[in-house]
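Chemist: We have chain A already, so just place chain B on it with the hints.
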Amino acid sequence: MKTFSSMATLWSKISAALPPNEEQFPLQFSDTVESSVVDVLKRSRQQLYGDATSASRSLGAQIILDFSWEKLNTGTWRHVDKEWRRVYSYGCLFKVAAQCRDGPSENEVLQAVRTCDMGLLMGAAVMDNILQVIVGILQDEVRKSSKEEDEPVERLKLEQPHVPVIRQEFAIPRVKCPSLESFNTNQLLPLKPVILEGIIEHWPALNGHRWSIEYLRSVAGCRTVPVEVGSRYTDEEWSQTLITVNEFIDRYIMNKDGVTGLGYLAQHQLFDQIPELKEDIRLPDYCCLGEEDEDNITVNAWFGPGGTVSPLHQDPQQNFLAQVVGSKYIRLYSPEDTDKLYPHQSQLLHNTSQVEVENPDMERFPEFAKAPYLECVLQPGDVLFIPVRHWHYVRSLELSFSVSFWWS
Amino acid sequence: MRWFGFGFNAFGQICDGLNEAAGSDVTEEIRVLRPTELDSCCCCSKISGVRASWSRRATVHEDGFDAASSSQSCGVSLSLGCKDASISEQHLTLAFPDRIESWDLQRKDQTPSWSTETNTQSESSSGCPLLNLPLVPGGYIATKPPLFRSLSPHLKAKSLALGGDHAVLLCASGAVYTWGLGSHGQLGHGGLTSEEEPRAVEALWGMSMSGVAAGGWHSVSISDGGDLYLWGWNESGQIGLPSRGLRKTMQQRSSQQAGALCQDADVKSGEEPQEGEKHEDVFISIQAFPALLDVTPSCEIRTVSCGSRHTAAVTTTGDLYTWGWGEYGQLGHQTLISSDEPQRVEFFREQQMRVVDVVCGTWNTFAAVVKEEVPNS
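Heads up: the protein sequence lines correspond to chains A and B, in order. All residue numbers for the first sequence refer to my numbering, where the first residue is 1 and numbers rise by one. All residue numbers for the second sequence refer to my numbering, where the first residue is 1001 and numbers rise by one.
This is chain A alone, in the form it adopts within the complex:
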């Protein structure tokens, strides 16, 4: 049973994170944002510090969100002016303020968390990344109330995975804790794949904060994340959806509500969105051997049940794929053999092969069988070095959580 006082102070905590008055609340935009839009933003700012009904505050925020959403969906994502993403974030901010102002229920707090997440996922940081600050306040609130409700810990029935046998002559070589120099000389410069053992032993994710279903629910359960639904991204039925981590685990890991079909929390910068999880991992030292700034390293989470497949594809950067939970079957092809891998012709998919690696159509793709490859079963604690533009195919053998580092 929640105490009344915890909810009464929620608004005061959020207020404290906001500027003290209207005058100190910045609304600066380039000319891209038309004056009519700025007017609506100013109206919402006025309502934030003045009198207004809850309904009119919500509507004001919704207008900003609806208008900027239309801008975000115009053209390609890459070309969307950052100003519209900032406007979208302001919309989320005003909406959260409206949602949390008048003694929100537990469900309303969860809705506010989702609003923050939409701003973090689709918007651009405003006011020193205030949405990140507010979602932290909201998560504390959510955790407080759920701590008092002890849910029985669910036991995930893990079936023994069918592990492919790796033939010695095709196995990716393994090396334990090589020196920077040795890795540079033997693998990085010659662009040779290798599995580095023992280099993430110290990660909190494998020790003090060992990643598990329960841990992830407690740290990020109410947070909204993008999930890929469908067997693989080259399929017609493939789509993306935005759901909470709890919903993802319920539906696609625990298969509650009779959900069939695969869901994969894939290629998502989860650690930017949820700083607590970022503290459970470390940047591999070997990334310093790259030429690019370490701030430019893209860290992605890959979390899903057994059976998720990433079709054979290549990326334009070096990749360290760290396996934290569960195991994955991975196959690598050299860029020199691209001619035998039948990449798609379209601009959108030209970095993806048409071939289903573990069930190739020999008639359509006769050369594929001649392409040499290396393979492995990546285990918790392993880090696979995938050299730049090396083709890679990944299938999870069981519940799996990997972290990838794209660097140059």
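The hints are simulated quantities; they were obtained by calculation from the structure and are not laboratory data. The beta carbon of each residue, even a glycine, is placed where N, CA and C say it ideally should be. Treat the hints with care, as some may be off.
To be verified - With a Cα cut of at most 27 Å, we get these calculated BS3-like pairs of lysine-lysine:
hint: 1; chain 1: B; residue 1: 1144; chain 2: B; residue 2: 1108
hint: 2; chain 1: A; residue 1: 42; chain 2: B; residue 2: 1144
hint: 3; chain 1: A; residue 1: 256; chain 2: B; residue 2: 1108
To be verified - Away from chain B, derived, C-beta distances all over 10 Å, residues of chain A:
hint: 4; residue: 26
hint: 5; residue: 35
hint: 6; residue: 76
hint: 7; residue: 143
hint: 8; residue: 232
hint: 9; residue: 246
hint: 10; residue: 285
hint: 11; residue: 373
hint: 12; residue: 380
Modeler: Relative to chain A, chain B alone:
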């Protein structure tokens, strides 16, 4: 003709807020649910045309033009004698008998940012009697700079609709050309690629079209026989085909509000025989080729207009049908519900008014009516 508007009104484009006292609930004024007649303002002359963007509405009067449609005036001083207008968030373009001018609404300059003189000679050489904005001699006025874009005279442009990031052109021959962004199928060529130059919509080849309209991410054309063809994004049902996102929202909403009825339930009785209940499993997110939409059995479409995510069509029998995004009341059914099936706006029937024209702003709709003389059978 009298004009009625409904939908988004946060800038007073439909009607001015009556009660501006602090703390009053302004939500009813921001979304006008009940179709409301537009004031003719100061002049007594009738409104002959309406144009609308997201925050503005411009009315063309029989003897001139009224620019002050929203609470902001745009600094256009000499507007008498204006025959046509075109408005976007950034610009207001006015067509006079002897010239066309484009004004930058953000900057409130004293002179137009672009203008050209027009004379009867250039009009007749294009082969068309009178060019409608945004068409101008030699090309058209775009919504983003560069303002003036040229169009090949070979196209024999008759009427042009500018969407969010694309263009739909009707030619004198009855052919339809599209160009611009294609990411959501809005060009109708069957794919998602964009086109820099006008490209014929081959799927409509052989059918003569008489009108075109464009929304944020969708396009519409009317055939000579009054059939409606739509293509593009269907995320809110604006194409009139089953929309998954819409059905999901409906389900969420009806599970939250016990006893709420889906608006769609009433219209299902008019479905075509071959579409049974099971066909609800087939959802269309993007319609990349033109699809024929049966707006209502045995009725011809006279004119059509699109907002960013909704569509409005007037039949030859004087009814207005709307579908698509409705969360600002822009569908006119006096709700905030979106719909992926065309529904008649009952208000005009109830008032015994015959709808003769429709123009959509980004999130609102304006309908022109005359009094019904012969009661509908």
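Chemist: For each hint, tell me whether it holds in the structure or not.
Modeler: Results of checking the hints against the structure:
{"no.": "1", "hint": "B:1144 to B:1108", "in the structure": "17 Å, holds"}
{"no.": "2", "hint": "A:42 to B:1144", "in the structure": "25 Å, holds"}
{"no.": "3", "hint": "A:256 to B:1108", "in the structure": "60 Å, violated"}
{"no.": "4", "hint": "26", "in the structure": "21 Å, holds"}
{"no.": "5", "hint": "35", "in the structure": "6 Å, violated"}
{"no.": "6", "hint": "76", "in the structure": "7 Å, violated"}
{"no.": "7", "hint": "143", "in the structure": "26 Å, holds"}
{"no.": "8", "hint": "232", "in the structure": "19 Å, holds"}
{"no.": "9", "hint": "246", "in the structure": "17 Å, holds"}
{"no.": "10", "hint": "285", "in the structure": "41 Å, holds"}
{"no.": "11", "hint": "373", "in the structure": "33 Å, holds"}
{"no.": "12", "hint": "380", "in the structure": "37 Å, holds"}
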